[in-house]
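Q: Here is how the chains run, residue by residue.
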Amino acid sequence: MSQQLYLSSSPHVHSGETTPSVMRAVLYSLVPACGVAVYFFGIPALSVLLIATLGCLATEVVCQRLMRQPVTIADGSAAITGVLLALNLPPTSPWWLTLLGAVIAIAVGKQVYGGLGSNPFNPALVARVVLLISFPVQMTTWSAPAPLGSGLDLVTTATPLGEWKNAVMLTGAMPAEMQGSMAGYFLGNMPGCIGEVSALALLLGAGYLFYRRILTWHIPATYVGTVVLLSGAFWLINPAKYPNPVFHLVTGGLVLGAFYMATDMVTTPVSIRGMLIFGVGCGVLTVLIRLFGGYPEGVSFAILLMNAATPLIDRYTKPRTFGTARQGGSV
Amino acid sequence: MKLRTFKGGIHPPDNKHWTSHKAIEDCPLPDELVVPLSQHIGAPSVACVEVGQHVAKGQEIGSAKGFVSVPVHASTSGEVVAIENRPHPFGTPLPAVVIKPDGEDSWSSNLQFTDPGSLTSDELIEKVRQAGVVGMGGAAFPAHVKMSPPPEKPIHTLLFNGVECEPYLTSDHRMMLEESERVLQGVALLQYVYGAERVVIGIEANKPDAIALLKKQCADAAVEILPLQVKYPQGAEKQLIFAATGREVPSGGLPMDVGVAVHNVSTAAAVTDAVMLGRPLIERVCTVTGPAIKEPKNLRIRIGMSLSHLVEVCGGLVEEPGKIILGGPMMGFTQVGLDVPVIRGSSGLLLLREEDIANSPEGPCIRCARCVQACPMNLMPTTIAAYARRDLVEETEEYCAMDCIECGSCSYVCPASIPLVQLIRHGKAAVLAKKRNALL
Numbered sequence: 001m002s003q004q005l006y007l008s009s010s011p012h013v014h015s016g017e018t019t020p021s022v023m024r025a026v027l028y029s030l031v032p033a034c035g036v037a038v039y040f041f042g043i044p045a046l047s048v049l050l051i052a053t054l055g056c057l058a059t060e061v062v063c064q065r066l067m068r069q070p071v072t073i074a075d076g077s078a079a080i081t082g083v084l085l086a087l088n089l090p091p092t093s094p095w096w097l098t099l100l101g102a103v104i105a106i107a108v109g110k111q112v113y114g115g116l117g118s119n120p121f122n123p124a125l126v127a128r129v130v131l132l133i134s135f136p137v138q139m140t141t142w143s144a145p146a147p148l149g150s151g152l153d154l155v156t157t158a159t160p161l162g163e164w165k166n167a168v169m170l171t172g173a174m175p176a177e178m179q180g181s182m183a184g185y186f187l188g189n190m191p192g193c194i195g196e197v198s199a200l201a202l203l204l205g206a207g208y209l210f211y212r213r214i215l216t217w218h219i220p221a222t223y224v225g226t227v228v229l230l231s232g233a234f235w236l237i238n239p240a241k242y243p244n245p246v247f248h249l250v251t252g253g254l255v256l257g258a259f260y261m262a263t264d265m266v267t268t269p270v271s272i273r274g275m276l277i278f279g280v281g282c283g284v285l286t287v288l289i290r291l292f293g294g295y296p297e298g299v300s301f302a303i304l305l306m307n308a309a310t311p312l313i314d315r316y317t318k319p320r321t322f323g324t325a326r327q328g329g330s331v
Numbered sequence: 001m002k003l004r005t006f007k008g009g010i011h012p013p014d015n016k017h018w019t020s021h022k023a024i025e026d027c028p029l030p031d032e033l034v035v036p037l038s039q040h041i042g043a044p045s046v047a048c049v050e051v052g053q054h055v056a057k058g059q060e061i062g063s064a065k066g067f068v069s070v071p072v073h074a075s076t077s078g079e080v081v082a083i084e085n086r087p088h089p090f091g092t093p094l095p096a097v098v099i100k101p102d103g104e105d106s107w108s109s110n111l112q113f114t115d116p117g118s119l120t121s122d123e124l125i126e127k128v129r130q131a132g133v134v135g136m137g138g139a140a141f142p143a144h145v146k147m148s149p150p151p152e153k154p155i156h157t158l159l160f161n162g163v164e165c166e167p168y169l170t171s172d173h174r175m176m177l178e179e180s181e182r183v184l185q186g187v188a189l190l191q192y193v194y195g196a197e198r199v200v201i202g203i204e205a206n207k208p209d210a211i212a213l214l215k216k217q218c219a220d221a222a223v224e225i226l227p228l229q230v231k232y233p234q235g236a237e238k239q240l241i242f243a244a245t246g247r248e249v250p251s252g253g254l255p256m257d258v259g260v261a262v263h264n265v266s267t268a269a270a271v272t273d274a275v276m277l278g279r280p281l282i283e284r285v286c287t288v289t290g291p292a293i294k295e296p297k298n299l300r301i302r303i304g305m306s307l308s309h310l311v312e313v314c315g316g317l318v319e320e321p322g323k324i325i326l327g328g329p330m331m332g333f334t335q336v337g338l339d340v341p342v343i344r345g346s347s348g349l350l351l352l353r354e355e356d357i358a359n360s361p362e363g364p365c366i367r368c369a370r371c372v373q374a375c376p377m378n379l380m381p382t383t384i385a386a387y388a389r390r391d392l393v394e395e396t397e398e399y400c401a402m403d404c405i406e407c408g409s410c411s412y413v414c415p416a417s418i419p420l421v422q423l424i425r426h427g428k429a430a431v432l433a434k435k436r437n438a439l440l
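The listed protein sequences correspond, in order, to chains A and B. In terms of our numbering, the first sequence has 13 at position 13, counting the first letter as 1, and numbering is strictly consecutive. In terms of our numbering, the second sequence has 239 at position 239, counting the first letter as 1, and numbering is strictly consecutive.
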């Protein structure tokens, strides 16, 4: 009889799903989006992806070494932040801007709070917004896609949402003709951040996460649903001025935001009701910022604002314990 | 038709295929039986025999002390060789009566057949108490206590638990298949006591043979066989009641608060023996299984047999076990060695190899909410655990720690391998300690 017996509190078996395995799955799910980005924007996009990811990993190592904490880059969370940051940057982002973003995301967005699990805000979005406010020129210099092999160079242009906002600001009405088609937007043939261009690729990845049960429908469905309903209402009121809901869906960062940024587990509520409130809140804020705010795109701001509300939402959406009435007390 | 169930829960691999098809085998008697005087919640019984005395099978060797207590009986005939502290499944050595079997295995002459029709309800309950019948599902709560609800709590539904949702365990399954008459006789006896309007036997749908057999045998009787969705912890009392009746046992309450009484199917069989034959609870079916066991079996064991004897009867070990568990893998108790005896609540002996054991390092909570969605009590395990870890007693209580049934679903799904159940247990103990102090 061996003397080496494990003694522990029950349960004695585990699902086998670990934090690194969850993070790896999220990374795999981003492969299609990264592939499409590299196809449309070429080497510049690839270099942004690499610099952001390596920058995040390096920053995590430096921070943890400085704080004399165990280095945990193997858990994959810093790599995800890096990839998501890259997907939230323009393909023409200069190397120093990308690197700065990586340092901000991990150092300011995550490690100062205590690392994985402790950050209130989505680290990649913190970095994106800091960069957007500090370097508006570089962060809003968009390029039309130049697919690999097409021989085209990246040419500066406006995003569909930017195009619309400019026209509305100047004329008070929709632009007479947009540069792209809805189908083209959906596939990714539009100017924008590296990761927001192809709704199709993002949905493919999200499908995999649904299959792995890492993603639940609650936040993405309520977020997208709220944007469709609210933008639809404005479109019905004044179709000459406001774009239709499909335009809202396929342009800009809504799909990236709803399926990848607003579903970051750490910074979103844990109860089902909380998730639904979070999704609706993101949707309302996104539409309001897009239609009435100073920026053409509102996804990042909307999610960060709702991140800030998450502890409050969690506080007030405690699930009803089995065997109790909803307002406390017993059944 | 969609099967009834509860909200939340998990789907661990059930691993019942090792033993679900294997008929119950009688476990041969060992050279020594160690019968603990404490086998369940409530006061331990007190030895009423002396060293050197000869005892008959079924003779009382420990007397009950108090209402929530039952007597303990000799599991075979033989000589009492010691009354001393011996290793016990609860972890620390506890008083036990050690019997050296004489090989006769002869029943006490005091035990006799009774016609249950001649008994009043109270006489029947007294017979159950005298026979030391306890809940056979694991917690081993004395059955006679449950059978005596106060008059202001009438029981309209009598529910039998044949769910057996713990992975690996098949003892109740085999009981329903091989001993269905004893089970159904017990169901009828308990129904006689309660006089409930509805009698239900809940069985998880992964035991279609047991469902079919009992349905056939209950074709005439007013007993409803209810197949339930395969999901852990479907057999937890509150979850089973919800699935069968749609009612929630109130927080801090008991099944009788919603007019329900629940007994395990194997308990029903023990009631039959107690009432009809006067035979006390000295044996039970125990599933001896796990990847470290050579020949997993369903054994009919005597209370007091050592785990090492059970392992020997099952062909020994494939390799050194990494963990010895009495009960199932979700709620069973780890043991410090194989020299521990089986007790009335021992539904299974599970031996895991080192590689089967969940022991990935604990990481920070990533707030993935899997525990919240898995919790069958609709709690926020990660929040309770975080408060409990910091000994924030008020917050632990505010987040309903006391409602936790410790089923282990949250720990099972936690990707950060946080010992949620262990932390919540710690928190519950702190809440109880605070309440005790408040009373002083």
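Calculated directly from the structure, the hints in this document are not laboratory data. Any given hint could be a false lead.
Pair ranges (Cβ atoms, derived) [claimed, not checked]: (1) A:G207 with B:G246: 48 to 58 angstroms; (2) A:R68 with B:P361: 10 to 20 angstroms; (3) B:K434 with A:L236: 56 to 66 angstroms.
For the chain B half of the interface with chain A, some residues (derived, Cβ under 7 angstroms), not all of them [as the list claims (entries may be wrong)]: (4) V51; (5) S63; (6) V80; (7) T245; (8) G246; (9) V249; (10) L254; (11) M256; (12) G259; (13) I325; (14) C368; (15) Y412.
Beta carbons are placed, not taken as given, at the ideal position from N, Cα and C, and that holds for glycine.
Q: Tell me, which hint numbers fail for this structure?
A: Violated: hints 1, 4, 5, 6, 7, 8, 10, 11 and 12.
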